[in-house]
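A.B. asks: The chain contents come next:
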Amino acid sequence: MTRVSLLALGAFAIMAGAICLLVLVPQAMLADVQAPPQLQPYTERQLAGRRVYIANGCVYCHSQQVRDPAFTTDVDRGWGARATVPADYVYDRPHLLGTMRTGPDLINVGQRLPDMDWHLIHLYDPRSLVEWSTMPAFPFLFEEKPRSAVGPNDRVVTIPGPRAPRGVVVVAKPQAVALADYLLSLNRQYPVAADTAGGPRAAH
Amino acid sequence: MTAPQSPQGAGGAAAPAASAVGAAPALRGLAPDDLEIRLRADESSRVVVLVLYAVAIGWLLVGSIFGDIASFKLHWPDFLTRQGWLTFGRVRTAHLHAVNYGWATAALIGTSVWLLPRLVHTELKGALTALLGGVLFTIGITVGIVGVLLGVNDGMEWLEANRYAAGPFLVIGGGLVGLSLFRTVAARRAQHLYVSVWYILGAFIWFPMLYVVGKWPTWSGVESAAVNWFFAHNVLGFWLTAMSVGAAYYFIPKVLGRPIYSYQLSVIGFWSLALFYSLNGMHHLVGGPIPTWMVTTSIVASVFMFIPVVATGINLHMTVVGRFGALRHSPTLRFVVLGAIAYTAVSLQGSFTALREVNRVTHFTHWTVAHSHVGGYAFVSFVAFGAMYYVVPRLVGHEWPSVRLVRWHFNTVLAGIAIYVIALTWSGVAQGLALLDARLPFQVSVERSIPGLYGRSLGGLILTVGHLIFAYHFWLMVRMPRGATRRTLPPFHEAQPILYTAEADAARRGAPAPAGASAQRRAEGTA
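Residue numbers (the working numbering), protein chains in the order written: chain A, 1 to 204; chain B, 205 to 731.
Quick caveat, the hints were computed from the structure, so don't treat them as lab data. Hints are supplied without guarantee of correctness; some may be wrong.
Said to hold, decoys possible - Computed, partial: chain A to chain B, Cβ under 7 Å:
no.	residue
1	Met1
2	Ile19
3	Leu24
4	Pro26
5	Leu30
6	Leu47
7	Ala55
8	Tyr60
9	Thr73
10	Asp76
11	Thr84
12	Tyr89
13	Arg93
14	Pro139
15	Val169
Backbone N, C-alpha and C define an ideal beta-carbon position, used for all residues, glycine too.
If we strip away everything but chain A, and leave its shape as in the complex, we get:
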């Protein structure tokens, strides 16, 4: 090759074509996906919790997608009753579908584990509840203070078992409460129409 213009044009054209095919066409196709009526938009606090989820990189170990039961064991594991579809994610910006399952899938964790106290304890020290867990603890989302310093609005978290800190009370910071609230909002168990745009029905 001797012509830079030809090279540059060819390289540009191929990439532009790929962008059209895998970015712009799907964008147009998915533009009219409507939120299912049972799916509520996130509240302010849940959105704040979602930002905590992103800031601390939860997505690098937890996916948020249930795949076709014919193809995987996602449904058998109790991660959801059906495969998730594009409509389940219309309020997600950006997506948090994830690519790792070092920990379990979370798209329906709010339905599976609906207790905020459980989540707060688990965030403070996962191994106080799940012995074999390799999840990091997030003590920096909590304050440890003497019982006398606990105010009336403080959300006290009682850590069970021998791993509880001694002589102090664990109080959840607003970020921890927001994160737990976001986790509780993850529930995509309502039924959806089988033909919902781009559902993974014909996956293989």
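Given the coordinates of chain A, work out where chain B should sit on it, guided by the hints.
C.D. replies: Frame of chain A; chain B shown alone:
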């Protein structure tokens, strides 16, 4: 597309000029004009390349430390949990950015900036522009990484650096480097564009397009997932891979003194890479909630990746065939040839992993992380190391001071990456099979992955040791006064080298060279 690539041909740009040790008085068969052009080209890019290499090595060390911490955390979850900035999700991301956008990018941009003026027979145009660009880009990466550690994260994998704080530095910095490269090509004196030039220019056209698409702030829902993996996959293929393959196409024939096996294959390899790689991204979402045709398109394109990979692989490997002995003598060749082999291996593994039946097991597991390290390390980083071993002596005017440090570097990183990949692949398969068996509780997938995670930490630590050795050696290299040890023997010379003959050496020296301390040592070693 014109004349066949004949690196030996006088008009042919470029390439790897001949060994031709027989042509006595001229330096390794070079016409004096060629040598003059080359020296001027090297001089014009000297400062930029050295700065970029130093930055790259700095990032390599930072990235290694973050990588090790992240690795420890996966089997010691209570390690360093008190500080938010040290939590797994943040150090892992800092690692990814430091090694991909810090180390690999700076090392490959540095190599490209050095290669291009040589390949088009001119000086680097706008060296100051390129230097400023490199500095701005580095600032951008630093801002992005500090942000990630502080919890400022845009939320999509590979695109976490904040678009408003880090983005402008990256766009302007990368743009300035690109400007300098395109000006250099515009001022070229060689008519023919050698294959490495295609890849370098391609990379600087593709990356801005990808970055704009990836960082566009309006994506949401599953569309943002498609954009995410469109970017994250292509940034490997069209940025790191492109510049690395370009470098491999230069250094392998160059060091061997032999033309590239086939010009036609290099054309096929280049254009089919562009065509098929660009459609691969959705194989990261197999089974996911995006339209099925998108995933299917990517799986098909992933299988078609056999074409560019086999074309490029045959081309690079057939250039080496029959000369494997030369690997003993040249650290550049060792690293680059192994890198090229890793490229073939990782690409075929990638095509295979995209198949649904394989993906069922490997998706969501450590397999993917192992795979990405075959690509990012055994391929890209090895090529970058090899390039640095070749380029730096030509910039500072003397050879690497220690053969032993080169050996230790090579042996540690080879052992480290082998342990890393084997352990983590095993971990991923164990984890994936456990996840596919619905009778086994999730706990089993965690427990079965852990032995391999320890192995990965071991591999990672060995890699870090190798990086410290390399960084120390680089520091020794650049702080020696210019031309301090006029090295008369190439490294790895103990066995009979291919490109090195007594006559050529005598011709080069002209007069007996002053033997520096280290050269003395080496000479004794051979005796």
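A.B. asks: Double-check proline 139 of chain A for me: the hint is only fine if its C-beta lies closer than 7 Å to a C-beta in chain B.
C.D. replies: holds (6 Å)
A.B. asks: Quick check on the hint: leucine 47 of chain A CB to chain B CB, less than 7 Å?
C.D. replies: Violated - the Cβ of leucine 47 of chain A stays beyond 7 Å from chain B, reaching only about 12 Å at its closest.
A.B. asks: Can you verify the interface hint for isoleucine 19 of chain A: is its Cβ closer than 7 Å to any Cβ in chain B?
C.D. replies: holds (6 Å)
A.B. asks: For the hint on threonine 73 of chain A, just tell me whether its beta-carbon gets within less than 7 Å of chain B.
C.D. replies: Status holds, d = 4 Å.
A.B. asks: Go through the hint on aspartate 76 of chain A and say holds or violated, using the shortest Cβ distance to chain B against 7 Å.
C.D. replies: holds (4 Å)
A.B. asks: Checking hints one by one. Is leucine 30 of chain A an interface residue toward chain B, by the C-beta closer than 7 Å rule?
C.D. replies: holds (5 Å)
A.B. asks: Classify the hint on tyrosine 60 of chain A as holds or violated, based on whether any CB of chain B lies nearer than 7 Å to its CB.
C.D. replies: Given a least distance of 5 Å, the restraint on tyrosine 60 of chain A holds.
A.B. asks: Given threonine 84 of chain A was flagged as interface, is its beta-carbon under 7 Å from a beta-carbon of chain B?
C.D. replies: Holds. Min distance 5 Å.
A.B. asks: Does tyrosine 89 of chain A meet its interface restraint, that is, does its C-beta lie within less than 7 Å of any C-beta in chain B?
C.D. replies: holds (4 Å)
A.B. asks: Given leucine 24 of chain A as an interface hint, is its Cβ closer than 7 Å to any Cβ of chain B?
C.D. replies: violated (9 Å)
A.B. asks: Using 7 Å as the Cβ threshold, decide whether proline 26 of chain A counts as touching chain B.
C.D. replies: holds (6 Å)
A.B. asks: Take the shortest C-beta to C-beta distance between methionine 1 of chain A and chain B; is it under 7 Å?
C.D. replies: At about 5 Å, which falls below the 7 Å cut-off, the nearest Cβ of chain B leaves the hint on methionine 1 of chain A intact, so it holds.
Comparing the model with each earlier hint shows violations of hints 3, 6 and 15; every other hint is respected.
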